[in-house]
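Protein chains in written order, with the working numbering: chain V, 1 to 153; chain S, 1 to 153; chain B, 1 to 153; chain G, 1 to 153.
For the record, the hints were derived by calculation from the structure and aren't laboratory data. Some clues are possibly wrong.
Said to hold, decoys possible - Here are some chain V residues pointing at chain S (derived, C-beta under 7 angstroms): (1) L19; (2) R22; (3) N53; (4) H59; (5) G61; (6) F64; (7) Q80; (8) A84; (9) A87; (10) I89; (11) D118.
It should be emphasised that the depicted structure is a prediction, and the values quoted were computed from it without experimental measurement. Yeah, the Cβ is synthetic: ideal placement off N, Cα and C, and Gly gets one too.
4 protein chains.
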Amino acid sequence: MAGDGAAGDAFASKVAAALLPRDVTAKQLGMEIRSVGLGRATLAMAVRPDMLNGHDVVHGGYIFTLADTAMAYACNSYNQNTLAQHAQITFVAPGQAGETLTATAREVTRGKRSGLYDVEVHGGDGRLVAAFRGATRTIAGMVSPALGAAPAN
Amino acid sequence: MAGDGAAGDAFASKVAAALLPRDVTAKQLGMEIRSVGLGRATLAMAVRPDMLNGHDVVHGGYIFTLADTAMAYACNSYNQNTLAQHAQITFVAPGQAGETLTATAREVTRGKRSGLYDVEVHGGDGRLVAAFRGATRTIAGMVSPALGAAPAN
Amino acid sequence: MAGDGAAGDAFASKVAAALLPRDVTAKQLGMEIRSVGLGRATLAMAVRPDMLNGHDVVHGGYIFTLADTAMAYACNSYNQNTLAQHAQITFVAPGQAGETLTATAREVTRGKRSGLYDVEVHGGDGRLVAAFRGATRTIAGMVSPALGAAPAN
Amino acid sequence: MAGDGAAGDAFASKVAAALLPRDVTAKQLGMEIRSVGLGRATLAMAVRPDMLNGHDVVHGGYIFTLADTAMAYACNSYNQNTLAQHAQITFVAPGQAGETLTATAREVTRGKRSGLYDVEVHGGDGRLVAAFRGATRTIAGMVSPALGAAPAN
Numbered sequence: 001m002a003g004d005g006a007a008g009d010a011f012a013s014k015v016a017a018a019l020l021p022r023d024v025t026a027k028q029l030g031m032e033i034r035s036v037g038l039g040r041a042t043l044a045m046a047v048r049p050d051m052l053n054g055h056d057v058v059h060g061g062y063i064f065t066l067a068d069t070a071m072a073y074a075c076n077s078y079n080q081n082t083l084a085q086h087a088q089i090t091f092v093a094p095g096q097a098g099e100t101l102t103a104t105a106r107e108v109t110r111g112k113r114s115g116l117y118d119v120e121v122h123g124g125d126g127r128l129v130a131a132f133r134g135a136t137r138t139i140a141g142m143v144s145p146a147l148g149a150a151p152a153n
Numbered sequence: 001m002a003g004d005g006a007a008g009d010a011f012a013s014k015v016a017a018a019l020l021p022r023d024v025t026a027k028q029l030g031m032e033i034r035s036v037g038l039g040r041a042t043l044a045m046a047v048r049p050d051m052l053n054g055h056d057v058v059h060g061g062y063i064f065t066l067a068d069t070a071m072a073y074a075c076n077s078y079n080q081n082t083l084a085q086h087a088q089i090t091f092v093a094p095g096q097a098g099e100t101l102t103a104t105a106r107e108v109t110r111g112k113r114s115g116l117y118d119v120e121v122h123g124g125d126g127r128l129v130a131a132f133r134g135a136t137r138t139i140a141g142m143v144s145p146a147l148g149a150a151p152a153n
Numbered sequence: 001m002a003g004d005g006a007a008g009d010a011f012a013s014k015v016a017a018a019l020l021p022r023d024v025t026a027k028q029l030g031m032e033i034r035s036v037g038l039g040r041a042t043l044a045m046a047v048r049p050d051m052l053n054g055h056d057v058v059h060g061g062y063i064f065t066l067a068d069t070a071m072a073y074a075c076n077s078y079n080q081n082t083l084a085q086h087a088q089i090t091f092v093a094p095g096q097a098g099e100t101l102t103a104t105a106r107e108v109t110r111g112k113r114s115g116l117y118d119v120e121v122h123g124g125d126g127r128l129v130a131a132f133r134g135a136t137r138t139i140a141g142m143v144s145p146a147l148g149a150a151p152a153n
Numbered sequence: 001m002a003g004d005g006a007a008g009d010a011f012a013s014k015v016a017a018a019l020l021p022r023d024v025t026a027k028q029l030g031m032e033i034r035s036v037g038l039g040r041a042t043l044a045m046a047v048r049p050d051m052l053n054g055h056d057v058v059h060g061g062y063i064f065t066l067a068d069t070a071m072a073y074a075c076n077s078y079n080q081n082t083l084a085q086h087a088q089i090t091f092v093a094p095g096q097a098g099e100t101l102t103a104t105a106r107e108v109t110r111g112k113r114s115g116l117y118d119v120e121v122h123g124g125d126g127r128l129v130a131a132f133r134g135a136t137r138t139i140a141g142m143v144s145p146a147l148g149a150a151p152a153n
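With the rest of the complex left out, here is chain V:
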């Protein structure tokens, strides 16, 4: 299970700081990292007018993208390159114009190569907007070779 000690948090923050500048999508959509640790991450995204669909609510694609990105910071926090392989999302309540959505990713389980993460996306008033579950695969390489291996947890 994911560590939540101070050393793990500090390490995960360094990995996130290395990942973020390369993450064109996260930047272009205005995502902010609110919190990160080994196996967990919380990201926020303010809804923009160009994120709406024909029903004037947030396009499900942007809700998915926020959740998927939160999972990416959680699963890459160990500094081992890790990709989403499968993801599932349930849309519970619409996201509204003008609010800020928050996605919190936590690790359900993590093996040598396979991981499973749950992400909940909440609206500005705290209601559940979507529940996301994603499966990841760890591949070769480190997010930041300079950082080396994650602290044991």
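Dock chains S, B and G against the given chain V, drawing on the hints supplied.
Relative to chain V, chains S, B and G alone:
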């Protein structure tokens, strides 16, 4: 199962034409409707530099958004307002900068309120990039009240 | 969210007691209800030799069936007939001959008609065997008309 | 994509014949292999009274088990040990007492280690009962070392 007669196709095209102008996300992402019929739709999207992630491949969120939008045109083709409730995606191969992705949605089954759709996303060379399956719910209202009910199929 | 007060637990126990005698599959597979409350249930099942597959580990179908049944007791606990509509399972570790598997279902969210439940299946040593997520639909009728409506929570 | 040549079909039949005698669950549930080829399989199962749930329809667990088993014969047809890692099912219509359910598995995509399979379960009258999608992982070892490698396709 979805109709593929000429009357159904013509009706679905009119519904899509009514939906598209309100669809800020589809327009902003440069999506094009290549083909539409009752219960089916094919959309294309050219990959832009701001759609890449830190690994220089297309962010999974944009692949999901394209697939989700193809499902939206397929499931709304009957002119009854229909929303995605659940969706699942498997990422098979990365999407690359400079290519055009194509998403083809087909109806697996459609009941009074619930529908199930499969979407395959292919790359410019025809390889399978992602397989998506979504469940929909029909709600009150028509996409375009002026168009009335879909032809029986 | 699911209530966990004593009145809710007592009510849920009565609903479960009404459901169990009709539940041929649960009985035939030797499932036992360990705990139940509004929106939650924990069931146990001892692995029998006829539940193994060709690799001498528990057939995934029985793990799914246990998880699905735990969800059924959780989502029917309000005494409103409720069915599984979609379910997803990730197999994390094999189940072994001779051990007792435990499935714990909790409510992620519950609306007027739609619910979402997470179930974790653990082995006799506490390891995670499978993670299950299911979506439900409430239909007409009560599990036990004599019990009436669930206490507000 | 799965081969459907005669050599592939013959090979897949031999693999299935090697797998079946070890498959206690399939035998105990009375499953029959109707057809098998490289990357595909069709299985049938007659509904027994002990497969019903409290609503007198087939327990979803048995429908899942049939679909999962069809996938197992499809994905193991290459004679490389392959396991289900994730699976998703949508219940479309109830299965009824006295009918025979048929599950047909087809390969969506297959890589070196990862595969994706769709399974449709139909009732005796041909209606769609459930749609299943599963993701597999190939592990070390052959189903039947004596059979060797599958014919190229």
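### Task
Just pull the numbers of the violated hints for me, sorted ascending.
7 and 11
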